[in-house]
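Chain order of the listed sequences is A and B.
Taken in order, the first sequence gives residues -13 to 194; the numbers are from my numbering.
Taken in order, the second sequence gives residues -13 to 194; the numbers are from my numbering.
Everything labelled a hint here was simulated from the structure, so no lab data went into it.
Hints may contain errors.
Identical copies carry no separate label here, and so any pair may be met within one copy or between two of them.
[Claimed, not checked] Once the Cα atoms are required to be at most 20 Å apart in a straight line, the calculated SDA-like pairs of lysine to any residue come out as:
| no. | residue 1 | residue 2 |
| --- | --- | --- |
| 1 | K100 | G15 |
| 2 | K24 | N115 |
| 3 | K24 | L(-3) |
| 4 | K100 | D155 |
| 5 | K100 | G156 |
| 6 | K100 | D162 |
| 7 | K100 | S84 |
| 8 | K24 | G(-5) |
| 9 | K100 | Q83 |
| 10 | K24 | H(-6) |
| 11 | K100 | R10 |
| 12 | K24 | Q64 |
| 13 | K100 | N160 |
| 14 | K24 | V8 |
| 15 | K100 | E164 |
| 16 | K24 | Q57 |
| 17 | K100 | H157 |
| 18 | K100 | I154 |
| 19 | K24 | L152 |
| 20 | K100 | P159 |
| 21 | K100 | L11 |
| 22 | K100 | D39 |
| 23 | K100 | G27 |
| 24 | K100 | E12 |
None of the values given here were measured: they were computed from a predicted structure.
There are 2 protein chains.
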Amino acid sequence: MARTAYHHGDLHQQAHDQALAVLRLEGDGAISLRAIAKQIGVSAPALYRHYADRESLLAELAISGFAALRQQLLSVDQHAPRAALIGIGLAYVAFAQSEPNLYRLMFGGRVLPKGAHPRLDQAGLGAFNVLQDTIAQGQRAGYLKPAPLALMTATAWSLVHGLSQLTIDGHLPNADAEPQLAEGITSLLLEGAIAPTHKHIDNNEDTP
Amino acid sequence: MARTAYHHGDLHQQAHDQALAVLRLEGDGAISLRAIAKQIGVSAPALYRHYADRESLLAELAISGFAALRQQLLSVDQHAPRAALIGIGLAYVAFAQSEPNLYRLMFGGRVLPKGAHPRLDQAGLGAFNVLQDTIAQGQRAGYLKPAPLALMTATAWSLVHGLSQLTIDGHLPNADAEPQLAEGITSLLLEGAIAPTHKHIDNNEDTP
DNA sequence: TGCCAATGTTAACACTGTTAACTTGGAGCA
DNA sequence: TGCTCCAAGTTAACAGTGTTAACATTGGCA
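Based on the sequences and whatever the hints tell you, model everything.
This is how it looks when you write it as structure tokens:
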């Protein structure tokens, strides 16, 4: 069906693009279906031929966000274990800082409840798996401890997600203000926070 | 001014309580000034004698949330350094998991932009300082590395915040499903993720 | 060529936050 | 005691939202 005066022909994509532009500038709260419809020269209910509701439109934005995050993580050089792990961490945080409003939408929780949009959960897994594979690779290479993979992945993910969220909300300095922060934090997790003097004393709790 | 049919007398507090109840059950997006006014038997514009706007009401909820979080962190036993650190981490995550919608509001970022509500930023600092003091104490005791305090605090905060957010949004199992997860993650940060064999080889990067 | 399903339209409903203009009535003062 | 003032309520209204129902257009296919 070609584009005519009546049949727009590209409504779905244009609505997506317009919503993404508003999201980037003003956050998901500023996304209004009526405003988007007006901007692309169409009536508001026309959007409902392409999106079930407002939340579905937001979910689609988040899905493309996870795809972009996945690509950014996949582009990290996986040659040396340590460089790969730090690289993944830096790439993750860099993504969040370059797209703060999109990242907030992806992990908002309140706007997009988990389970309501299967394709969204799947897209999230796609990004998560890159992180998990890198850690598994580090274990196979003998570089990382042979602790349970789920535990190590949860730790790494918590760290980079927490750092991302805190920096984009201004609670911690971002990469512009403190370029070394993300790398310092990642290194600290790898090396451990305990002073070397105490290492052998305290190991009884987690190296059975 | 006593409470009569006309002059309510307790509107501010009742609106706060009612909003908190809605927040707990349905999240901040479900908080409607008109609905709250109706529930406490008052007209909607009456709320504007006590709150500048909807956002100010939400900010007040978040402020009391930070005060509660601070109390929960202060109640952790600070005797032994390691137990104090793990205790703080567990208490932090436990708070988030017991008040997921309140925690999301406190760290939402999109709803309450940093800088817009000075009392809110101050309340956040009040909770943050407890965490920082515990870490500084761990360093003074010689238990933690003498790395920059800001770096260690940022790492610890990122970890517990990320874990909180990911568990309450269902991306990671919460304390009911996996009671050991939070402690395992905290321990992993303390001990480090690198296998012992590699420790002395890689230390050249962060112990100058 | 004629029909039909996809994709638009307008009108309307039930909400929302917020402001303006008006009213009430308790507190403090002459 | 009586009067005035002001904090704290009221109703009416504006501009906006997501969403649905009912109707209109039109390109592609039998």
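Here is what the structure says about each hint:
no.: 1; hint: K100 / G15; verdict: both (19 Å within a copy, 16 Å between copies)
no.: 2; hint: K24 / N115; verdict: neither (39 Å within a copy, 48 Å between copies)
no.: 3; hint: K24 / L(-3); verdict: within (12 Å within a copy, 40 Å between copies)
no.: 4; hint: K100 / D155; verdict: between (22 Å within a copy, 7 Å between copies)
no.: 5; hint: K100 / G156; verdict: between (26 Å within a copy, 7 Å between copies)
no.: 6; hint: K100 / D162; verdict: between (32 Å within a copy, 18 Å between copies)
no.: 7; hint: K100 / S84; verdict: between (24 Å within a copy, 18 Å between copies)
no.: 8; hint: K24 / G(-5); verdict: within (16 Å within a copy, 46 Å between copies)
no.: 9; hint: K100 / Q83; verdict: between (23 Å within a copy, 16 Å between copies)
no.: 10; hint: K24 / H(-6); verdict: within (13 Å within a copy, 44 Å between copies)
no.: 11; hint: K100 / R10; verdict: between (22 Å within a copy, 17 Å between copies)
no.: 12; hint: K24 / Q64; verdict: neither (46 Å within a copy, 59 Å between copies)
no.: 13; hint: K100 / N160; verdict: between (28 Å within a copy, 14 Å between copies)
no.: 14; hint: K24 / V8; verdict: within (13 Å within a copy, 34 Å between copies)
no.: 15; hint: K100 / E164; verdict: between (33 Å within a copy, 19 Å between copies)
no.: 16; hint: K24 / Q57; verdict: neither (33 Å within a copy, 49 Å between copies)
no.: 17; hint: K100 / H157; verdict: between (26 Å within a copy, 8 Å between copies)
no.: 18; hint: K100 / I154; verdict: between (22 Å within a copy, 10 Å between copies)
no.: 19; hint: K24 / L152; verdict: neither (35 Å within a copy, 37 Å between copies)
no.: 20; hint: K100 / P159; verdict: between (29 Å within a copy, 13 Å between copies)
no.: 21; hint: K100 / L11; verdict: between (25 Å within a copy, 16 Å between copies)
no.: 22; hint: K100 / D39; verdict: within (17 Å within a copy, 30 Å between copies)
no.: 23; hint: K100 / G27; verdict: neither (33 Å within a copy, 35 Å between copies)
no.: 24; hint: K100 / E12; verdict: between (24 Å within a copy, 14 Å between copies)
Going through the hint list in order, the structure does not satisfy hints 2, 12, 16, 19, 23.
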